[in-house]
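A.B. asks: Sequence:
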Amino acid sequence: MLTPLENFYLKKEEPIRGCLLALSDLILKQDSRIKPEWKYGMPFFYVKGKMYCYLWIHKKYGQPYIGMANGNQLDHPALLTEKRARMKILLIDPNKDLEVEMIESILQQALNL
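Taking the UniProt record's numbering, I'd label the letters of the sequence shown as residues 1 to 113.
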């Protein structure tokens with residue numbers, strides 16, 4: 001039987017599924033202390049028991065995004081605040097190649113907080 005976390009990815013259609021799985025792998029490769037969990041009905045990633053980031057689909061744009069838990073402390077032009085006080089998001093176009101260096105840069109900046 002699949003876990004809710006596994007089901008989240010498998011229920012998505014391509015290219016969203018592949019994009020989310022690639023983002024998950026990219027996040028987990030940043031540090032061995034990053035652990036995936038199923039929280040609040042979505043895939044969350046924790047470092048030493050603290051919220052790091054999460055994956056979700058933007059309702060308005062229909063695109064996957066990485067939500068940064070302490071995004072208000074991050075400074076990068078690709079991050080969007082929208083109506084969030086603490087979080088910022090990085091929208092990802094699933095039909096384009098991932099901008100791996102930019103994504104890793106943001107993820108590392110968040111790890112250094």
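These are calculated hints, taken from the structure and not from any lab test. Using N, Cα and C, we set each Cβ at its ideal position, and we do this for glycine too. Be a bit skeptical, because a hint or two may be false.
Derived SDA-like pairs: lysine to any residue, alpha-carbon spacing no greater than 20 Å straight-line [stated by the list, open to error]:
(1) Lys29 / Glu6
(2) Lys48 / Leu111
(3) Lys48 / Leu79
(4) Lys50 / Leu113
(5) Lys12 / Gly41
(6) Lys60 / Pro36
(7) Lys12 / Pro36
(8) Lys83 / Ile57
DEER-style ranges, computed between Cβ atoms [to be verified]:
(9) Met1 / Met102: 31 to 41 Å
(10) Asn112 / Pro77: 10 to 20 Å
(11) Asn112 / Met1: 34 to 44 Å
(12) Ser105 / Met1: 33 to 43 Å
(13) Leu2 / Pro77: 12 to 22 Å
(14) Thr3 / Asp75: 34 to 44 Å
(15) Thr81 / Tyr40: 39 to 49 Å
(16) Asn112 / Leu10: 25 to 35 Å
(17) Met42 / Ala85: 29 to 39 Å
(18) Lys96 / Lys29: 26 to 36 Å
(19) Leu2 / Gln73: 26 to 36 Å
(20) Leu2 / Thr81: 17 to 27 Å
A.B. asks: With a cut-off of 20 Å on the C-alpha distance, tell me whether Lys48 and Leu79 pass.
C.D. replies: violated (24 Å)
A.B. asks: Could one say that the CB atoms of Met42 and Ala85 fall in the range 29 to 39 Å?
C.D. replies: Violated - the Cβ-Cβ distance for Met42 and Ala85, about 18 Å, lies outside 29 to 39 Å.
A.B. asks: Check the following: the C-beta atoms of Asn112 and Met1 are separated by a distance inside 34 to 44 Å.
C.D. replies: Between Asn112 and Met1, where Cβ atoms are some 38 Å apart, the hint holds.
A.B. asks: So does Thr3 sit 34 to 44 Å from Asp75, Cβ to Cβ?
C.D. replies: For Asp75 against Thr3, whose Cβ atoms are near 35 Å apart, the range 34 to 44 Å holds.
A.B. asks: Is 25 to 35 Å respected by the C-beta to C-beta distance linking Asn112 and Leu10?
C.D. replies: holds (33 Å)
A.B. asks: Can the restraint linking Lys83 and Ile57 be considered satisfied, given a maximum Cα separation of 20 Å?
C.D. replies: holds (16 Å)
A.B. asks: Measuring from beta carbon to beta carbon, are Thr81 and Tyr40 in 39 to 49 Å?
C.D. replies: violated (20 Å)
A.B. asks: Holds or violated: the 26 to 36 Å window for the beta-carbon distance between Leu2 and Gln73?
C.D. replies: holds (35 Å)
A.B. asks: Holds or violated: Lys12 and Pro36, Cα atoms, limit 20 Å.
C.D. replies: Distance ~18 Å between Lys12 and Pro36 Cα, so the pair holds.
A.B. asks: Quick check on a hinted range of 12 to 22 Å for Leu2 and Pro77, using CB atoms only.
C.D. replies: With a Cβ separation near 38 Å, Leu2 and Pro77 fall outside 12 to 22 Å, so the hint is violated.
A.B. asks: Please test the hint of 26 to 36 Å on the beta carbon pair from Lys96 and Lys29.
C.D. replies: Taking Cβ atoms as reference, Lys96 and Lys29 lie about 20 Å apart, which means the hint is violated.
A.B. asks: Lys60 and Pro36: Cα distance at most 20 Å?
C.D. replies: violated (26 Å)
Of the numbered hints stated above, those contradicted by the structure are hints 3, 6, 13, 15, 17, 18, 20, listed in ascending order.
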